[in-house]
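2 protein chains.
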Amino acid sequence: MRNIGLILRYDGTNYCGWQRQKTEISIQQKVEEAVEEVTGESSFVQGCGRTDAGVHALNYLANFETKSNIPAERFKYALNTKLPDDISVLDSFLVEDDFNSRFSIEKKTYRYEIYTNEIANPFLRNYAWHFPYELNLELMQSQAKKIVGTHDFSGFMAVGGQVKTTVRTIYDAVVFKDGEKVVFEVTGNGFLYNMVRILAGTLCYIGAGKIKEDMKDILESLDRSRAGITAPPEGLYMKKVYFGEKHE
Amino acid sequence: MRNIGLILRYDGTNYCGWQRQKTEISIQQKVEEAVEEVTGESSFVQGCGRTDAGVHALNYLANFETKSNIPAERFKYALNTKLPDDISVLDSFLVEDDFNSRFSIEKKTYRYEIYTNEIANPFLRNYAWHFPYELNLELMQSQAKKIVGTHDFSGFMAVGGQVKTTVRTIYDAVVFKDGEKVVFEVTGNGFLYNMVRILAGTLCYIGAGKIKEDMKDILESLDRSRAGITAPPEGLYMKKVYFGEKHE
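Going down the list, the protein sequences come from chains A and B.
So the first sequence is numbered by our numbering: it starts at 7 and just counts up by one.
So the second sequence is numbered by our numbering: it starts at 7 and just counts up by one.
Don't read these hints as lab results, they were simulated from the structure.
Which copy is meant is left open, because identical chains are indistinguishable; a pair holds if it fits in one copy or across any two.
DMTMM-like, lysine to aspartate or glutamate: derived pairs with alpha carbons at most 25 Å apart:
{"#": "1", "residue 1": "K183", "residue 2": "D91"}
{"#": "2", "residue 1": "K187", "residue 2": "E240"}
{"#": "3", "residue 1": "K245", "residue 2": "D184"}
{"#": "4", "residue 1": "K187", "residue 2": "D92"}
{"#": "5", "residue 1": "K82", "residue 2": "E124"}
{"#": "6", "residue 1": "K245", "residue 2": "E186"}
{"#": "7", "residue 1": "K88", "residue 2": "E124"}
So here's chain A without its partners, still in its complex pose:
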């Protein structure tokens, strides 16, 4: 058996998320079906994390085992001929036998995009949060920096998350303007359920003056009710997964 790593890009608009569901169509199902078509084997594709319905990925890491002798780097081309046009394989490569996309990664970067114009942009309806308020970017940037470090993020976790610990390490958090959009990017060793969307919602509420509290106080309160709303899924992108020097 060989273990094949994949970097995927997908538009999550038409899916229930990464993970297989009984009644809805997931990205995992589409990728597994493509692997089965290409290898003739039944397949399980391990992803680097769940993504919710409507959430996107610029670079998502996954891996699967196969007995086929197709060269690792050829899977990219073979799978792209089988996948729907809202999912692409950007790269395929051999990984160590014990490599697991969920457990072998060091850190991840998420990106959250916000469109603040008064009038909604038809081209961004599935790709950014339409939040039509003037945002104080400098304030958002300085407030974002306050989550950097190792903290208990239980105030930024949606109900339903089941985890051993709510402590996570955030390596960087930035807010900047990108064309007509405002972007929040955050890199950490892991994220609680809906954590990035709650952070994005809280920072936008602070930037719009709807929350007057300091991010540090909200964080230390461990109180979900003091943070902002959960920003909608369409603005969220898994941007990058770090898994050792070779494939960073």
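Mind docking chain B on chain A? Use the hints.
Frame of chain A; chain B shown alone:
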């Protein structure tokens, strides 16, 4: 009766084009339905030109007459509450009684977007032509300049176009890189059926070395078979309509 001008932005992916059709859903139908909901009158909305199925608009000009006393600038907000989220009204304003979006305009700019990476981008599947070839941008730029001026463009017209004259004046034509995309923009006093898409297809074929002829020779031949393919609709955007100083 007052005559109201509208600037629309729309994602054309899910429509048969601007113009009403019996069996398919058009942008014109959606805008007329929104006007009828807002004014309570039956409406005809005049557009600035047909766009094909899948073609988009960043700024599309339209106008309609109404007896309602809603202030012209309020129509923007009222219509946006009724329109689907792939169509937005960016602006609304009073125009002269004899103003007609089709006949009163001076020039239009179309934009055509091309994505040349080897692997298709899921986020651009409906918004750019995936043409995975290395393009010589300098050559495309110098070749694009050869269509500037007043010429008979019958070699760049699809079968089915019915026009009194095939002579059009092109004021500017440019090719440039915009992020990961290659963009062709062309401004003229009018365009023949599929003319921008055939120009885009021809320039890309020249840029990829698939056509070795000079644009000037192709143009002067008046021979459709010497030009390149009709580039697909998803890359095409109506970018701007010029209709007098007041609303340029």
